[in-house]
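Visitor: Once you have looked at the hints, place chain B on chain A.
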Amino acid sequence: MNQQDSNMVLSLDNVVKRYHNHLAVDHVSLDLPRGQIFGLLGPNGAGKTSLIRIINAITGADEGHVYFEGKPLTSDHVSEIGYMPEERGLYKKMKVGEQLTYLAQLKGLTKQQSQENLKYWLERFDIKSWWNKKIEELSKGMQQKIQFIATVVHKPKLLILDEPFSGLDPINTNLIKDEIYELNKQGTTVIFSTHRMEQVEEICEDIALINKGKMILIGSVAQIKEDYKENKYRLVTNRDITQYLEPAGVQIESQKENDYIVKFSDYNSNAFLSNLINDDIKIISFNEILPSINEIFIKKVNEN
Amino acid sequence: MHKLWLIIKREYLTRVKKKSFIIVTLLTPLGFALLMFFSGFMASGKMNSIKQVAVVDDGGILQNNPLEGSQMKFTVVNKGIDEMKSEYVNDGYDVLLHLDKIDNLNETKVNVNYYTDDKMSFFTIESLENKLSKAIKAYKLNHSTIDKEVLAGLETEVTLENGLKDGEGIGDNSSKMASGIAQALGYIMGFMMYMVIFIFGGMVMRSVMEEKINRIVEVMISSVKPFQLMLGKVIGVGLVGLTQLIIWIVLIGVAMMIIPGLMMSSMDSNTVEMAKEIQNNPETANAVSGLIVELKNQNWLLIIPVFIIYFLGGYFIYSSLFAAVGSAIGDDLGEGQQLMMPIVIPVILAIVMLSSVMTDPDGPIAVFGSMFPLFSPILMPARLPFDPPMWQVIVSILLLIGCVILFVWIAGRIYRVGIFLYGKKVSFKELTKWMFYKG
Chain A
1 MNQQDSNMVL SLDNVVKRYH NHLAVDHVSL DLPRGQIFGL LGPNGAGKTS
51 LIRIINAITG ADEGHVYFEG KPLTSDHVSE IGYMPEERGL YKKMKVGEQL
101 TYLAQLKGLT KQQSQENLKY WLERFDIKSW WNKKIEELSK GMQQKIQFIA
151 TVVHKPKLLI LDEPFSGLDP INTNLIKDEI YELNKQGTTV IFSTHRMEQV
201 EEICEDIALI NKGKMILIGS VAQIKEDYKE NKYRLVTNRD ITQYLEPAGV
251 QIESQKENDY IVKFSDYNSN AFLSNLINDD IKIISFNEIL PSINEIFIKK
301 VNEN
Chain B
1001 MHKLWLIIKR EYLTRVKKKS FIIVTLLTPL GFALLMFFSG FMASGKMNSI
1051 KQVAVVDDGG ILQNNPLEGS QMKFTVVNKG IDEMKSEYVN DGYDVLLHLD
1101 KIDNLNETKV NVNYYTDDKM SFFTIESLEN KLSKAIKAYK LNHSTIDKEV
1151 LAGLETEVTL ENGLKDGEGI GDNSSKMASG IAQALGYIMG FMMYMVIFIF
1201 GGMVMRSVME EKINRIVEVM ISSVKPFQLM LGKVIGVGLV GLTQLIIWIV
1251 LIGVAMMIIP GLMMSSMDSN TVEMAKEIQN NPETANAVSG LIVELKNQNW
1301 LLIIPVFIIY FLGGYFIYSS LFAAVGSAIG DDLGEGQQLM MPIVIPVILA
1351 IVMLSSVMTD PDGPIAVFGS MFPLFSPILM PARLPFDPPM WQVIVSILLL
1401 IGCVILFVWI AGRIYRVGIF LYGKKVSFKE LTKWMFYKG
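Chains as they are written, first to last, in our numbering: chain A, 1 to 304; chain B, 1001 to 1439.
The shape of chain A in the complex, shown without the other chains (with noise of 0.2 Å):
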């Protein structure tokens, strides 16, 4: 663990919280290096969001440390935070320009700063005809992109969304996943909290999953699904070739027709095919499977 590298944007080093007689966070430890988008994994009651507000130095750890830029986190680093919880909310009364204001002044801005900040990411959702409305005359997709913009209008170094796309339309879920790319593409380090795997794979380059205050899992999206390979393939013939595998010790997963999902052993699926191929089968298609994260996720929760 490097405590001086300031390349990395955020290290935990066996961070613990305890709640009552329970482990909310069992020795953690993190690095996360300048402009990753980094998946946060976990089930329900994992110890994501006791994980999250430590990080925000909203709680403190019971053991551990945890250091900003190289530096040990103190409540001044929360300028440099954007956070989006999960469970979020406005001022309803206020009008969208107000409420923008105040919660960037909060953030540290000066009121010009807010406002020019303000300004550009209005016009960028093209929404500044807003600025005099109330939060409650806005429909729940709209009070999200305001939530958004509350949550990046300081230029935090450091991103974390949890739970971003809940409540959003396919639209304005991509809306949002651009500018989360683009804030990345600025040099933004995002931590991406979510239930939902498809977007775990798609947007993250590294994830974590948690279980029970446990880090079970980590590392890039590539690597740990090469890690968890099964060496299943797709293989799709002109004709039948049952009577090649038995042989060869390739299961059958499933078969429609000549389309086999296949599970080779340790044999080696170079021989098999060039059996086939000898044998003059057409071989229209090969692949690998590679496991999803959300059967991964499944089995290491599981396994726990």
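Mixed in with the good hints, there may be bad ones.
[Stated by the list, open to error] Below, a list of computed lysine-lysine pairs in the DSSO-like style, where the Cα atoms sit at most 27 Å apart:
| # | chain 1 | residue 1 | chain 2 | residue 2 |
| --- | --- | --- | --- | --- |
| 1 | B | K1009 | A | K134 |
| 2 | B | K1019 | A | K134 |
| 3 | B | K1003 | A | K157 |
| 4 | B | K1018 | A | K95 |
| 5 | B | K1101 | B | K1051 |
| 6 | A | K95 | B | K1225 |
| 7 | A | K92 | B | K1017 |
| 8 | B | K1003 | A | K95 |
| 9 | B | K1225 | A | K92 |
| 10 | B | K1073 | B | K1109 |
| 11 | A | K128 | B | K1009 |
To be clear, the hints were calculated from the coordinates, so they are not data collected in a lab.
Computed from a predicted model, the values in this text were never measured in an experiment.
Guide: This is chain B only, laid out in the frame that chain A set:
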């Protein structure tokens, strides 16, 4: 500090800018004035109907001692009681009284029968009994051998005059009028504190609950500490209350200066007559001028600032408790009632103690009540017009400040745990545990 200021500013401005705030602030003194006017009007009895009372006076008791009353008009009729019983309603009377002859002047118990279709109130019956008893006394006196002059000489009216009125010597230099005014002022300030605690304390509680229910608090605490959020809210709402109070003091002060002048210029014949009556009647004239003099004599320069200190102190103690309860209950107001009990009980106790403090402003209950910080915000302002010893005021204020710090701290400890907790029924035991959770 900067963030705290921002929170205070928001809490203050969103409330002060509301139309309802402006309306309430301006209309409340008007409402009070109306209330006082009406209660005065009611007390004067002008609203009540006048009862017509027919009296059958067999013994001629009322011949030289006619009955009089503001609510009743008495007419002695020269008909027999049996005849009257069937006729008095048709003759336009509400009540029929029948006075028997008094044969024995030493009889100390006399029964008088009355007949009426309406039900007579307790007070009407009692006032009739008093009038009749006076009339019979006068009748008996006329027919007795007692020398009336001697009797009149026995009647003595006592007026307590204060010997120190000229400012010599030491001691309480207040008159009876001053005590009356002090008492009225004491009650007004005591009840104002009571209202402040519940109105603005309740405002803080509702606001905390709202933030918790619509989850804005989750967003807020990623920027500010829970304690800052709570303190900002308590101070912001407190300033709203203070603004209102100061506007009221100014409005009432201005009204007291302007209204007498306005009344003089816009008097109609009726009020002119009344004013003349007041001038002609030396007692009323004295009372009115005495009232004004005594009101001016009150030590406002002490009372107003000290009242504001207790206003703020009482507000901070109770509103921080309300904030703690608000954070613990979430969206179920029902269970909040139970948690509010420990806040409500001391306030009610203080109000109960208020009347005994008013009757004995330097007694043990008054001294204890105005020292104990949960009661003092209500009871000390009530004692102020009675010139309590200065050391008691100072000790009480110091205790109050200490208590404010303690309660704000306790409330902050509960608040920071409570705002994150959803859907859980909270007990007092739980609340005490929260106080000792570490950061």
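Visitor: Compare the structure with each hint and give your call.
Guide: Going down the list of hints, with the structure as the test:
Pair hint B/K1009 plus A/K134 holds up; C-alpha atoms about 19 Å apart against a cutoff of 27 Å. Distance hint between B/K1019 and A/K134 is fulfilled; the C-alpha atoms sit about 16 Å from each other, no more than 27 Å. A C-alpha spacing of about 21 Å is found between B/K1003 and A/K157, which places the hinted pair at or below 27 Å, so the restraint holds. The suggested pairing of B/K1018 with A/K95 holds, with an alpha-carbon distance near 13 Å, which does not exceed 27 Å.
In summary, the hint linking B/K1101 to B/K1051 is supported, as the alpha carbons are separated by about 25 Å, within the 27 Å threshold. Distance restraint check for A/K95 and B/K1225: the Cα-Cα separation of roughly 24 Å lies within the 27 Å cut-off, and the hinted pair is therefore satisfied. Distance check on the hinted pair: A/K92 and B/K1017 sit about 16 Å apart at the alpha-carbon level, within 27 Å; holds. Using a Cα cut-off of 27 Å, the hinted pair B/K1003 and A/K95 holds, with the two alpha carbons roughly 20 Å apart.
Straight-line distance between C-alpha atoms of B/K1225 and A/K92 comes to about 22 Å, which keeps the hinted pair within the 27 Å bound. With a C-alpha separation of about 25 Å, the suggested pair B/K1073 and B/K1109 falls inside the 27 Å cut-off, and the hint holds. For the hint linking A/K128 to B/K1009, the alpha-carbon distance of about 25 Å falls within 27 Å, and the restraint holds.
In this structure, every one of the numbered hints holds.
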